[in-house]
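One-letter residues, chain by chain:
Number of protein chains: 2
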Amino acid sequence: MLPSSTDARPGTVGTDPTGGRPVVPAHGTRRPLGLAEIALTDGFWSTRQQTNAAATLAHCEQWMEQLGWVASFDRVADGTIGPDRPGWAFADSEVYKLLEALAWEHGRTGSTVEEDAFVRLGARVAAAQDPDGYLNTCFGHGAQAARYSDLEMGHELYNTGHLLQAAVARVRTVGVDAFVEVARRAADHVCREFGPGGREAICGHPEIEVGLTELGRALDEPRYLAQAALFVERRGRGLLGPVAFGPAYFQDDVPVREATVWRGHAVRALYLAAAAVDVAVDTDDAELLAAVERQWTTTVARRTYLTGGMGSHHQDEGFGEDWVLPPDRAYCETCAGIASNMVSWRLFLATGDVRYADLMERTFYNVVATSPRADGQAFFYANPLHQRTAAHDAVDGEVNPRAEGGQRAPWFDVSCCPTNVARTLATWQSYAAVAEPDGLTLLQYASGTVHVELPGAGPCGGEVLGLDVTTTYPDAGTVTVRVTAAPERAVRLRLRVPDWADGAVLEEGGHERPIEPGFAEVARRLVVGEELRLELPMAARLTWPDERIDAVRGCVAVERGPLVLCVESTDLPGVDLDTLRIDPSVAPRAHGDGAVVSGRLVDPAPATGSLPYATAPGHPARNEDVEITLVPYHRWAERGASTMRVWLPRT
Amino acid sequence: MLPSSTDARPGTVGTDPTGGRPVVPAHGTRRPLGLAEIALTDGFWSTRQQTNAAATLAHCEQWMEQLGWVASFDRVADGTIGPDRPGWAFADSEVYKLLEALAWEHGRTGSTVEEDAFVRLGARVAAAQDPDGYLNTCFGHGAQAARYSDLEMGHELYNTGHLLQAAVARVRTVGVDAFVEVARRAADHVCREFGPGGREAICGHPEIEVGLTELGRALDEPRYLAQAALFVERRGRGLLGPVAFGPAYFQDDVPVREATVWRGHAVRALYLAAAAVDVAVDTDDAELLAAVERQWTTTVARRTYLTGGMGSHHQDEGFGEDWVLPPDRAYCETCAGIASNMVSWRLFLATGDVRYADLMERTFYNVVATSPRADGQAFFYANPLHQRTAAHDAVDGEVNPRAEGGQRAPWFDVSCCPTNVARTLATWQSYAAVAEPDGLTLLQYASGTVHVELPGAGPCGGEVLGLDVTTTYPDAGTVTVRVTAAPERAVRLRLRVPDWADGAVLEEGGHERPIEPGFAEVARRLVVGEELRLELPMAARLTWPDERIDAVRGCVAVERGPLVLCVESTDLPGVDLDTLRIDPSVAPRAHGDGAVVSGRLVDPAPATGSLPYATAPGHPARNEDVEITLVPYHRWAERGASTMRVWLPRT
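Each protein sequence line maps, in turn, to chains A and B. Residue numbers for the first sequence follow the numbering used here, so the first one is 594 and each next one is one higher. Residue numbers for the second sequence follow the numbering used here, so the first one is 594 and each next one is one higher.
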């Protein structure tokens, strides 16, 4: 039972030019673009996709071989698995996320390297499946704990959810092959076990829900959607047993459609929310959709970092209360950023509201791009906005026990982030644009090509729109769009103008016009060869926090285009970054891909007692003008151990 | 083998008037006062001692009976104990800490209630001792894990350390009885097992060291000091295996005498430091003493909250890096406050430096006194300085899983704090004064009596000094000291003037003179019946934080005497405390036992986008004058669920 693309059934979606899309809602007017419809040519994200393919995928496979996580599947197959299985209960999911990344990457480029790896790993996974479809290396075999005996922390359905997402990638790049049938049997098993009349239960870590919904979409199997809807509705009713952090930890405190904000473990909260959008869209459940929109609005307004990062607690990897956003103890798990974009993407597809695409851009550049080192072989797990002590990256070849201290590490004890980054980078182009009945919207900017057959239901149904996009974004703010194919009649072409882009200009036919944040729109017949040019203002700018964020009171940050900037000690040798003060009356100036700001270097007031508290305000002992260089946050700590600040106190 | 005070050997220290002292260094000129030498009559701490005796001790015993923690000793004795033993590995230590509290309380008042409870529990503990002296209910019996098979997290020697401290209390209140012999056998077992030629190992949680040192002092057994010194010296050399938080978690990263600051788990760091002072003093090791003084200095200057609380991480219950002192996520474990005072007391005895007594006062009033509810039956485990959401106390009768959310709870899953509070309150008077060769120093203020035979080595050796202290401190700042017995020659009487007490005045013979913080000193022949009167300034005052504490930038706090004050929502119904701004140009006024300050109520600037960040500073939408009432932090949440702030932003 060797899964291989050569087994793919003829006529499946594997041959569909719209394939390669991670999310394909059953309803709605916005259609994400498939692999034959959009491709990057070069630039920021193309470089990262290439590094992902050239380094990260093999890096992940090698680590999971070395640690025995892949071999666990062999040991299930040969009957030797036991309680001594290496890794956490969710180690299986890392293999599945790598399979998903391999499938997307193979689909994107057609490279046989990823296809060979997929077949190699997929066969070992397939061999571990029980006859009834159950597939897990941690429970239910030999002397292991019984199946579903620890729904709170056992991650069994979480693992299965990632298996299903890997199968979705396979269906949408190659077609329905033996590996997809493995996933189908696993999904069928879940529906039998947890469906109506079965166990009235849920998994402590949401994920099965997005897996079931999307595999149901990919295989046109409505039972999977129904099961996902059941899981979503069951949550928040106390079905899970007690854990130390309380039921909010896994969102079992309040039903999804009643919740007002995300709380508890951030990745859990966000995977659940993504599934709730899927269910809401495919079942036309406006109330459920509105609930998730409300949660997004409140969470983004009160519990989200400037980088788009979510989760301010280390202890439970969770959201803090409103306004608890300490930069130094920011957890901002890489996976939470990825999960946030999973939710925002689904909400954008469902509603078309530009704010979701705005947050995605922020999160892509400042969380997702921050995690991997330039060589794609070490990763941030946590993404704090203030690093007080310099720490070298973890030693190559060593597993990092905890994701702390400003270190990128090759692999973690809990190693969810590297494979999550890999599968996200491999699909980045799919979030860059959507086709609509009357045209097309460009959402994220990168040099590349678009060639779309517009949806049949609209006025241009079946007609082709082709675009060449040229830009060095985010280094510069010019985005040139050349029309390479156009319908014979009027079409609506929109370019997103980010929320930060005050002063954007669209040049069209030699005329420039100012564009407010939102969308620059051209609604007319386009001519092949004509060019539109969007100019986004890339001057560095100061950013003020809401007064209620206690942790950054009196501070400002510097941003440039979609990039959050930071001060890194590498650029100020010998200076304690905590002694820098920024002068907000002087505008920052662009400098390389970062900025320079004017400020002062102060010596803290001398202590007057044993404790750092005094009966009068202190007066700094030194007060020296200084020019402060800032660099993009996403590449901090790339030049060696450093301290770092995003927020700087004002003079 | 029933331990009972009737077994106490005649002529032991049980009959010593200087008994009842938790810490008795072998060397040094400062001698803490014993139970026959100092007693409280009424006031702040007397009330708490009475509640401790009337409610807390029985409360703790009842909980440990209910949860089966005491019964575990019976099950060792009857051979039925196994891996199913209830509670964490350190549950034994809670029984020992209760025994210690019972012994001190019996010694303090002579009440038979505590004596009966001690005998009752002590006999059950004694029955569980193995023939070789090993005594532990979690390891080494039946199907349990082998002795010392998990030194990192098993807490075996930690438990034993608390057994020894209970025995110290017994020796110093009743004498050497059968229970003390149990402890002696346990200590001998530790010396055999871990002494020279034995296991070259340490326990993950320091505590055995202070237990061994003090029992060695109490029983005049130098081997115990030597073993404690061995443990102290072995630490910081990587003898413990890896844990998730790294070796700094249990101070195994740097040898004690090389460390510059406390780091890792706060209670562990502080218990270790206390032991290091004991070892340094008794072995005349000036280098080791200087190392702990250096650690105290740096930690207090950079890693200590205004309340005296230590530890800013929830995740590892540990110290943060320098200046990481978020008020909302302050952990400030009650036990860390107690442990901090254990270190400061030992350092004061060793050096006489007033700063140690100053910090003790701060910590007593703002950490130790904050934990127990007025009825002595619920406790804070964590002591944050900012509570954002109101939480009712945990339900009576329910174990609290985690120490979070501004709740006092009757008992915790990890329930170290209640018994630690109990043993500390039962000995509070012993930290209030020291005898010195040339006189006496009053360190903490409470109404009470002192009657001391001055140390023989000094000029007044053998002569008696008697004082009656009358005060309503900290409600008011007047401390009246009446001489009830005096030597025939000059004596030095000193009264501590706290570091915050600018403007203190001493009245002596009808004359007033200003006194700087430090000590008010009278060095002359005292006359029976004469009175000294110390006036400490109790006006409410503003306190400014060091600029480097990012988390409270732009804020001030209000203090009054030794009390940190806080704003509690109970006093400002309907007001979101996060909208308060304090006007630092107007002096706060005293109000009840708290203060009133002028300030403003602001509405935060309206959001300009999805995120709480803007391209320009916001302007509050409302700006209304308000009088802000503040109450002592130590009694916050006593009046029902509330939100709370210690630090308030300035207008």
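Treat the hints with care, as some may be off.
[What the hints assert, rightly or not] Ranges of calculated distance between the beta carbons of each label pair, as one might list FRET restraints: (1) A:R1075 / B:E1217: 18 to 24 Å; (2) A:T622 / B:E1217: 35 to 41 Å; (3) B:A983 / A:T890: 22 to 28 Å; (4) A:T1244 / B:T622: 24 to 30 Å; (5) A:T1244 / B:G1103: 51 to 57 Å; (6) A:T1244 / B:R1118: 30 to 36 Å; (7) A:A651 / B:A883: 49 to 55 Å.
Simulated from the structure, these hints should not be mistaken for laboratory data. These figures come from a predicted structure and were not determined experimentally. For every residue, glycine included, the Cβ atom is placed at its ideal position computed from N, Cα and C.
Hint-by-hint comparison with the structure:
1. Taking the beta carbon of each, R1075 of chain A and E1217 of chain B are about 57 Å apart, not inside 18 to 24 Å as hinted.
2. A hinted range of 35 to 41 Å for the beta carbons of T622 of chain A and E1217 of chain B is inconsistent with their spacing of about 48 Å.
3. The hinted range of 22 to 28 Å is satisfied by A983 of chain B and T890 of chain A, whose Cβ atoms lie roughly 24 Å apart.
4. Checked against the hint of 24 to 30 Å, the C-beta distance between T1244 of chain A and T622 of chain B comes to roughly 51 Å, which is inconsistent with it.
5. For the pair T1244 of chain A and G1103 of chain B, the supplied restraint of 51 to 57 Å holds, since their beta-carbon distance comes to about 54 Å.
6. Remark: the range hint 30 to 36 Å for T1244 of chain A to R1118 of chain B is contradicted by a beta-carbon distance near 60 Å.
7. A C-beta distance of roughly 54 Å is found between A651 of chain A and A883 of chain B, which places it inside the suggested range of 49 to 55 Å.
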